[in-house]
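There are 6 protein chains.
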Amino acid sequence: MSRIDGRTPEQLRPVTIERGWSKHAEGSVLVSFGDTKVFCTASVTEGVPRWRKGSGEGWVTAEYSMLPRSTNTRGDRESVRGKIGGRTHEISRLIGRSLRAVIDYKALGENTIVLDCDVLQADGGTRTAAITGAYVALADAVTWAQGKKLVKAGRQPLTGTVAAVSVGIVDGAPLLDLCYEEDVRAETDMNVVCTGDGRFVEVQGTAEAEPFDRKELNALLDLATGGCADLAALQRTALDRTAG
Amino acid sequence: MSRIDGRTPEQLRPVTIERGWSKHAEGSVLVSFGDTKVFCTASVTEGVPRWRKGSGEGWVTAEYSMLPRSTNTRGDRESVRGKIGGRTHEISRLIGRSLRAVIDYKALGENTIVLDCDVLQADGGTRTAAITGAYVALADAVTWAQGKKLVKAGRQPLTGTVAAVSVGIVDGAPLLDLCYEEDVRAETDMNVVCTGDGRFVEVQGTAEAEPFDRKELNALLDLATGGCADLAALQRTALDRTAG
Amino acid sequence: MSRIDGRTPEQLRPVTIERGWSKHAEGSVLVSFGDTKVFCTASVTEGVPRWRKGSGEGWVTAEYSMLPRSTNTRGDRESVRGKIGGRTHEISRLIGRSLRAVIDYKALGENTIVLDCDVLQADGGTRTAAITGAYVALADAVTWAQGKKLVKAGRQPLTGTVAAVSVGIVDGAPLLDLCYEEDVRAETDMNVVCTGDGRFVEVQGTAEAEPFDRKELNALLDLATGGCADLAALQRTALDRTAG
Amino acid sequence: MSRIDGRTPEQLRPVTIERGWSKHAEGSVLVSFGDTKVFCTASVTEGVPRWRKGSGEGWVTAEYSMLPRSTNTRGDRESVRGKIGGRTHEISRLIGRSLRAVIDYKALGENTIVLDCDVLQADGGTRTAAITGAYVALADAVTWAQGKKLVKAGRQPLTGTVAAVSVGIVDGAPLLDLCYEEDVRAETDMNVVCTGDGRFVEVQGTAEAEPFDRKELNALLDLATGGCADLAALQRTALDRTAG
Amino acid sequence: MSRIDGRTPEQLRPVTIERGWSKHAEGSVLVSFGDTKVFCTASVTEGVPRWRKGSGEGWVTAEYSMLPRSTNTRGDRESVRGKIGGRTHEISRLIGRSLRAVIDYKALGENTIVLDCDVLQADGGTRTAAITGAYVALADAVTWAQGKKLVKAGRQPLTGTVAAVSVGIVDGAPLLDLCYEEDVRAETDMNVVCTGDGRFVEVQGTAEAEPFDRKELNALLDLATGGCADLAALQRTALDRTAG
Amino acid sequence: MSRIDGRTPEQLRPVTIERGWSKHAEGSVLVSFGDTKVFCTASVTEGVPRWRKGSGEGWVTAEYSMLPRSTNTRGDRESVRGKIGGRTHEISRLIGRSLRAVIDYKALGENTIVLDCDVLQADGGTRTAAITGAYVALADAVTWAQGKKLVKAGRQPLTGTVAAVSVGIVDGAPLLDLCYEEDVRAETDMNVVCTGDGRFVEVQGTAEAEPFDRKELNALLDLATGGCADLAALQRTALDRTAG
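Residue numbers (my numbering), protein chains in the order written: chain A, 1 to 244; chain B, 1 to 244; chain C, 1 to 244; chain D, 1 to 244; chain E, 1 to 244; chain F, 1 to 244.
Simulated from the structure, these hints should not be mistaken for laboratory data. Quick caveat: nothing in here was measured; it's all calculated off a predicted structure. Careful, some of the hints might be misleading.
If several chains are the same, the list does not tell them apart, and a pair holds so long as it fits within one copy or across any two.
Straight-line distance between alpha carbons at most 20 Å, and here's what the computed SDA-like set of lysine to any residue pairs gives [to be verified]: (1) 215 / 4; (2) 148 / 114; (3) 53 / 32; (4) 215 / 225; (5) 148 / 56; (6) 106 / 51; (7) 53 / 233; (8) 215 / 226; (9) 83 / 93; (10) 215 / 204; (11) 23 / 181.
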């Protein structure tokens, strides 16, 4: 039984990773997972937040946001409402944790890298696209920092690569990389963040309708591990290209 | 090798669930997991939020907060800072989703139940204690609503029970129900929410240091499933008692 | 004519003062005036706010808050609304002023003590219970600071004791320590804060309905003075016990 | 021993009450107590806040604010800081309660009167000047509402008059109507709000340094009662004039 | 003397107007003026804000925002700071007024169109690019609304076209369409909004250093009028194409 | 054809500039343009904002606000709403820029002058009255700073004078200094800020209804230039008087 958009259950949507999308940022990527498009920039600054000063260690953090009309119905701007919603907070924190999992703070030195992930168009999987794209922007920013000697010679702040994908159970079938239409119908929804060597950084599964059992959980984890491996290959290919 | 407080790896801390801790709330519980103490109240009001009016369905939501000196160092009040932090948002949403997993909105009818989970003292596992205690407060509130005929005769808004526990890998060993000291040393930290019949509502695992592999993930899930079963039994016992 | 709960006009509700209610705070008390229960913690930190640095003097301040379901109807959290209401502000300031009245800033040295008074259950008189309980938490915190040598040997930061009680005119009769039901019916409502030697720190009387004359004012002051003396005795007794 | 500005202990500063200071407001007054100048406007609108609709009763409320440079050192605007401070909240509430003490809500009908009291220049006693001036603006607004038939013929929403004055103990001597320089040196500070017939609406006494005893309290109340009577006479005179 | 980027004084930067850049919005444009890139979406909703209900007239408004790393140095997100800055407010209002100048509210009927202008990359002239691009998105949204019969047959809500350009005096020379480097060196900076028939909707000139005289003002207005005519032609060309 | 209030098209309303209106501020003015009354204070403090420290240069900034009942209908306080509106932001920025146009930062030295412009009564032209009055308060503050030796001997921080006036096209006729009634009927509205030597600091013209052509723009600029010259003369006269 084929999916809405004709994919097989274990197939990613078409993924593109365009580097060099900003002339200002030290790293920048426009990532798309199908119709989901996220603009990721990495900003490097010397120095770290106050609570980390003098530690000799760096810091990496992330902010996620959706443009008001990235979705089908226009959402209010959080700047206009004057506060950040719970979902935004949650996703920003997830992205930050995911990237920090592959950072060696000591090697980074007292530098801060902020990843901004702004969703230009949403069609499901915005947080997983954001993590996948932000990693590439981060890698470019680290290279830039090495070039500028902000990072000491011979130190490699990146300890590995990281990518993320969503999986879910739709009409009883485990599927990889849900688009919006699948996502709203999913009984269970899971976001999985893996390193390039296939280990887990984050596993977040939620029963949207019926609770799920161990067998379903295992099926989803299998799918996600495969999807993340595919994404890791795409990240490598993108990083091998000369940035546009 | 025994744990800081002498427990075995698969042993919960002493858990107490005291019902009837508020004379005002429709359901109220003081739950403790060791030194972690959370005060949970369930407030029932007729009617639902605007976006749900006329649907014939109810709503359940939760708010989590820590008293400023529930922790070792006093934290600023979020009311004074004028905004809610990301961690608070995230946990409030987790508690709400967990409880809604065992609610039949149609059977609840157009009533709203708000669960307030205020941490009086924190020693690790505040969110899992909150979910476990809030379920009992919710059950009492549902009974109250049935008594008041807010819920139609013969309808059961609760479709099951729900409890939560933390697990983690500390010094390479998978442990159940981490206290604060274990939590800060954990390489991997996972919160698992299960229904009384042993299925998963939420699985949230995070690598704090090294990424974790599938085998470790499985060990943690095994521990968590057992812990939740123990908590479900304690919830049943508490609900069988006449409330104080 | 006896009162709703059978008390005589000049009788306090049952008052309990439990010390050592938090394992983290330097001083902590659960105080109850009848069904009103307030959790008071005292947090000691070295140093003072910026405007006081280098003065050689300490600082004491307080924050009051009600849990959302401490009252009969659930109130919105001020953290969620994003701002603190006028009543909360007013009571926090009253508690702070009351405690500072018995503090010798020079003897305290450049240390700050913050009193958090969180109302777990409200039945009238929450601010007076908060002041009475917070004093005991403050006394424990001062002792702790002396033990830690934060306060110089031989210095006594406390210049006396302080307690508070409400009085009011209900159906023409002056009554001590109003419960909620009496409070809403009171024509005049007064909160009085006294030192242990019977002098006034604060007198706040408000005509809720008819203005009051000098004779009524005198009757209320007589009642309040007696009530505060009773509370001072209860504070002494509590402080003489070994903390739980 | 005479005061800084040559007054006797029981003497008010020069008080002026200028009506008709705004062409827009239904009642408006520039009140001065010596160098303290407060601009009070009364705004009448048909209808009441939602919680009072259908009650047939009106509402009166007040907002107090200080212009940033009304004081010796410029203060930040609360609009720029994005929140209202505790002192502002407290005084706004006091003014509102004081004026409501002489309002018959039923006679006012479902109309709302908002009193805005903006301090143009501060020299002690801004809240008492505000109450005294706001009463006159309120009286003009009520007359306007009667003229417009918003208030039913033959109904008198005002049940009396109200004025306020500060008293304090400075260098051991009880003084009436403290200017700023006296206020900062006062050991005890009290604000008293009286009706025109000499009864109390509010009594708020605070020990700034040493607690005060009953005898001192009595001396202050005597002074305040006399001062309020003088202010009531000045209000009558102002209202007898044709507004400018 | 040629400009930094080789342009003549009266020459625009390369301008591109790409329509159909969002699959969700009723109108969407990616507009670029050289390296300045603004993403404009037009969102149509039935109904109008409360203050306009029942008028039979529509409403058009705009919100402008810069992505945090659209500039050379990362700026804080206004959503994180919790308030909108003065510059953002000012530009949002300017865009809204400019577009409303070519709207016939009656013909639009009770529909609301919100223009979101998010700056992806900034290099001077973001507000003028936003107005120019937003007009095209607005035109597409109006066509969409006509197709959906939200706008009555035979009514044309657009009364003309509108475009904007910056001009300034740099080193004494009047220049059209300043890039960032020119903008920071400009003695006078002016933004001019014109209709397609060459009349003025907005003229905002500011002396950044020396005040400017009438002759300089005239030279700037001449340049701006020409630039807006060029932009109007580019808008027409873009709208003549079939949207991507 | 004469105007509502009998003026000729090129005639200002009666303008008064009263200095010394505050005993606290270093400069203070009550300025009135007809029934528009704005209270302007200039506050001098040593030091500059952080981003300017060590530059040897001063700073001048402004904050504009309307009292809630300065207008015909009471407006909410921005402090109560918790945020500053776009119009307030815009006008505060305009006033600040206008005054900075006549300041020599180096000559001012590392001192800050804040201009507060609070509208006591509004009848059109509040921003132009504010700029005109604030200049006089600024001049007095500069003189004060010279007297206090905050400004080095022989340095003159003021490089000229500045005033502002509104002009507009009402019923096809260009008019100077619009009152509120004219303002709401104006097809085009322009605010012009000029130096005493007749050059432009700001020109802000807006088509409220029909766009305006170059000829109309020229007519408005002619009127405004004349009006600003008249205001400059009034400023000189005011500054020649000894402050009240």
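Hint by hint, here is what the structure shows:
For a Cα distance limit of 20 Å, the shortest separation of residue 215 from residue 4 qualifies neither inside one copy, at 25 Å, nor across copies, at 34 Å. Taking the shortest alpha-carbon separations for residue 148 and residue 114, only the intra-copy value of 17 Å comes in at or below 20 Å, while the best inter-copy value is 41 Å. Taking the shortest alpha-carbon separations for residue 53 and residue 32, neither the intra-copy value of 37 Å nor the inter-copy value of 37 Å comes in at or below 20 Å. With identical chains, the CA atoms of residue 215 and residue 225 are at most 20 Å apart both within one copy (16 Å) and between copies (14 Å).
Taking the closest pair of Cα atoms, residue 148 and residue 56 come within 20 Å of each other only inside a single copy of the chain (18 Å); across copies the shortest separation is 32 Å, beyond that limit. In this assembly of identical chains, the alpha carbons of residue 106 and residue 51 lie at most 20 Å apart only when taken from the same copy (15 Å versus 30 Å across copies). When the C-alpha separation of residue 53 and residue 233 is checked against a cutoff of 20 Å, the pair qualifies neither within a copy, at 36 Å, nor between copies, at 48 Å. With identical chains, the CA atoms of residue 215 and residue 226 are at most 20 Å apart both within one copy (17 Å) and between copies (16 Å).
For the identical chains of this complex, residue 83 and residue 93 are neighbours both inside a copy (16 Å) and across copies (16 Å), given an alpha-carbon limit of 20 Å. Taking identical chains as interchangeable, the C-alpha atoms of residue 215 and residue 204 lie at most 20 Å apart whether they share a chain (16 Å) or sit on different chains (17 Å). Taking the shortest Cα distances, residue 23 and residue 181 sit within 20 Å of each other only across copies (14 Å), while inside one copy they are farther apart (35 Å).
Checked against the numbered hints listed earlier, the structure breaks hints 1, 3 and 7; every other hint is satisfied.
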